[in-house]
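Protein sequence lines correspond, in order, to chains A and B. Heads up: the first sequence begins at 1 in our numbering, then just goes up one per residue. Heads up: the second sequence begins at 1001 in our numbering, then just goes up one per residue.
Just so you know, these hints were derived from the structure itself, not from any lab. Everything numeric in this text was worked out from a predicted model, so none of it was measured. Be careful, since some hints might not be right.
[What the hints assert, rightly or not] Think about it this way: if two alpha-carbon atoms lie no more than 25 Å apart in a straight line, the pair counts; the simulated DSS-like pairs of lysine-lysine are: (1) K245(A) <-> K1130(B); (2) K199(A) <-> K162(A); (3) K162(A) <-> K1130(B); (4) K245(A) <-> K162(A); (5) K199(A) <-> K1130(B); (6) K1071(B) <-> K1054(B); (7) K199(A) <-> K245(A).
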Amino acid sequence: MNVMRMNYIRMKVMLAHLLLWMTAGFCGAAQAQNIDLNRIFSIGRDAVTAVAGVSEQEEQNIGREITGRMLGAAPLVNDAALQSYVNRVGRWVATQSERPSLPWRFAVIDTASINAFAAPGGYVMVTRGLYEILDNEAQLAGVLAHEIAHIVRRHHVTVMQKSAALSAGAQLAQRDNRSALINNMIGSGAEVFARGLDKSAEHEADAMGVILAARAGYNPFGLIDVLHKLAARGAADGSLALLFKTHPAPGDRLDELGAALTPRVGSLPTGRELDIRRVAAGAGSMRAAQPLPAEGARGLASQKNEQQSAPQSQPKGGSAIDPAQLLRGLFGR
Amino acid sequence: MQNVAPKLFSRWLVTALFAIFAAVAVAEPVTVERDSVLRAEPRTDAGVAGNLAKGATGDAVARQGAWVQVKSGTVTGWLYSFNVRFGVAGVGSSGGGGAGSALGRVFGPRQQVNVTATIGIRGLEEEDLKQAHFDGGQMRQLDGFAVSSEQAAAHAGNAGLSASQVEYLGQPAQGTAGGSNP
């Protein structure tokens, strides 16, 4: 068995050498430039392994680069309490995943577009437009969980590997320059977010997101609520243009999720919905809370500000009514 | 003891207000996406309240977890929310009510008061992404907001959230959940 396999590999290597010799012979470049053909052969092999195996550190480097570029296009919403809050919710959900120890970062970025993004290595961004249509913390957790699932399953890395593999020629020149290879994977700017993923990757992230939110104690259906909101707004809504371009239609996602959920939906924990909370930026944050811009354009100041240390009511299944909260809900905040 | 009466009154007032609010405002047009059995209660083992065929329309009058209560003609009952689409006559994303269909009632109470997005707004576009440049200052701010899993667990615990083992969909009931308990 092993002998046969060895022979097979040897034959493949010989064929590869033969091909290289023939190519060199046709173009006549080998002799002219005195290139070591064995070296070329190993370059080809290295390039393939390089693309196949992206280490966790490289994954984080890629994610950091892309996230930094995204923030160059749409900066953080200037609200430290909000950013701290989203990090607390996101990290809690990520802790329930198979990669709890990544250096997870969560952000609300300042654009009216409705969308959310995941970059390799633990970077998750939600747009202000999306954040503003969320009703409760379970919906936020559901959205973050979908993005966390992309990172856990390395969906974007796979897409970037594929596109880098297509330009294998470029990799030959990048054998000694790992960062050039990584740059080749990333492409220009943050365009990876405009490319989108396979439909199956989105459906997988939806199905995983529901469960990750459930594991974290939330109502598992927060993500479904958000998909309903997207479906109801429809493709004509300009703020959804990029999301509709890069994702399956929300109605299709609801169909897929419904089919996946049906056998299990009765046995999933009820979980909690929880009002959107705000926390004082402080513990764990390097910065003090910042005031919102005077024009209020960020639109987030009107939310209830709940101190972390405030005593919590103990709702059963998230359904108990807190008079103060409800009045705020009825009469605006 | 003296504090109890106002508290009770405020609870009563809120409950009354909630009931009025629910009766008046909570109704959202829906289209049934596939033939569905309506249940009398939001439970799979509850009695059958009726049937709705694909394409039937009605109003969503309440919601609970995965369930939505739909009133269609003389029939009222509960079905899974993923079996309906919200919006008038529009099925799926092709219909929709635009930004006006806020789902602020069934999904409320938080209203979309802050949303500036409307049809035709220019948000983050492909070209912006292609031409984006790395912003180191923003990354440092982002790092500053990061929290540890312990901090996140404490925040979750404050709201009464606790982790539990739930298997991914499509997997057998035995396996690892990968979660950690606070």
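Hints and how they fare:
1. K245(A) <-> K1130(B): Holds: K245(A) and K1130(B) sit about 15 Å apart, inside 25 Å.
2. K199(A) <-> K162(A): holds (16 Å)
3. K162(A) <-> K1130(B): holds (19 Å)
4. K245(A) <-> K162(A): Holds: K245(A) and K162(A) sit about 20 Å apart, inside 25 Å.
5. K199(A) <-> K1130(B): At roughly 22 Å apart (the allowed maximum being 25 Å), K1130(B) and K199(A) satisfy the hint.
6. K1071(B) <-> K1054(B): holds (15 Å)
7. K199(A) <-> K245(A): With a Cα-Cα distance of about 11 Å, the restraint between K199(A) and K245(A) holds, given a limit of 25 Å.
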